[in-house]
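Using the hints provided, position chain B relative to the given structure of chain A.
Just so you know, the protein sequences line up as chains A and B, in that order.
For the first sequence, my numbering gives the first residue as 241, with consecutive numbering after it.
For the second sequence, my numbering gives the first residue as 241, with consecutive numbering after it.
Take these hints with a grain of salt, some might be off.
For chains that are exact copies, the list does not tell them apart, and a pair is met inside one copy or across any two.
Once the Cα atoms are required to be at most 16 Å apart in a straight line, the calculated EDC-like pairs of lysine to aspartate or glutamate come out as [claimed, not checked]:
{"no.": "1", "residue 1": "Lys265", "residue 2": "Glu302"}
{"no.": "2", "residue 1": "Lys274", "residue 2": "Glu320"}
{"no.": "3", "residue 1": "Lys274", "residue 2": "Asp288"}
{"no.": "4", "residue 1": "Lys243", "residue 2": "Glu295"}
{"no.": "5", "residue 1": "Lys283", "residue 2": "Asp316"}
{"no.": "6", "residue 1": "Lys278", "residue 2": "Asp290"}
{"no.": "7", "residue 1": "Lys265", "residue 2": "Glu320"}
What the hints contain is simulated information worked out from the structure, not anything from laboratory work.
Here are the chains, one letter per residue:
Number of protein chains: 2
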Amino acid sequence: MSKFRARILVSLRPSVLDPAGEATKTAANQLGIKGLSKLRIGKSIDIDIDALNEEEAKKQIELLSDRLLANPVIEDWSMELLQVV
Amino acid sequence: MSKFRARILVSLRPSVLDPAGEATKTAANQLGIKGLSKLRIGKSIDIDIDALNEEEAKKQIELLSDRLLANPVIEDWSMELLQVV
Chain A
241 MSKFRARILV SLRPSVLDPA GEATKTAANQ LGIKGLSKLR IGKSIDIDID ALNEEEAKKQ
301 IELLSDRLLA NPVIEDWSME LLQVV
Chain B
241 MSKFRARILV SLRPSVLDPA GEATKTAANQ LGIKGLSKLR IGKSIDIDID ALNEEEAKKQ
301 IELLSDRLLA NPVIEDWSME LLQVV
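Bound-form chain A, shown alone:
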C-alpha cells in the first residue's frame, strides 16, 4: 500500500452564475479593492488515501469526485495527485 495525497478543485462551469462570488466582488469594491474583474468561488478538497498504486488511487478519487464532491450538471473538477514518500 502506498499513501497518496490529493487536492481536488471543484469550480462552477463558466456558464453558471455565481451569486456568492458576485456578492463578494461587490463587497470588495466597497472595501476599496480596485481592479477586480473576476471573482469565482469554488471548493478545494484535501484528501489522504491509501492505494496499491497511482492508477488505483486515481480511480478511487475520480469516483469520489464524480459522485460526491462535484455536481456534474453545474461543476467541473480537477485533481492534483502526489505520492507520499
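Same frame as chain A, but now just chain B:
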C-alpha cells in the same frame, strides 16, 4: 496596469472540526471507496485583478482574503499569484 490571476485557497485550521468533510468521508466509505484517511473541505477562489505591479496586486489580495474570504479565527489561506503576459 498589468493583469494578474490569483487562486486563493481557504482551509479550516487543523484544530477545527469539519462536519461536512466527515459526512462526505462516511458517504465515500458507503460508496465503497477504500483507504480514505483524511478528507477536509475548503474554498478555492479564482480572481483576475488589474494592478500596477505584483506588490500592489498582492496587497489588494491580502486585504481581500483577510477581510472577506477567510475567517481568521478558524481558517488559514494561501495564494498563488500569476502575471498574465
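Quick rundown of the hints versus the structure:
1. Lys265 <-> Glu302: between (32 Å within a copy, 14 Å between copies)
2. Lys274 <-> Glu320: neither (32 Å within a copy, 19 Å between copies)
3. Lys274 <-> Asp288: This pair counts as between: shortest inter-copy Cα distance 11 Å, intra-copy 38 Å.
4. Lys243 <-> Glu295: The answer is within: 13 Å in one copy meets 16 Å, while 38 Å across copies does not.
5. Lys283 <-> Asp316: both (11 Å within a copy, 15 Å between copies)
6. Lys278 <-> Asp290: Answer is between: at 10 Å across copies they meet the 16 Å cutoff, but 37 Å inside does not.
7. Lys265 <-> Glu320: neither (28 Å within a copy, 19 Å between copies)
Against the hints set out earlier in the document, violations occur for numbers 2, 7.
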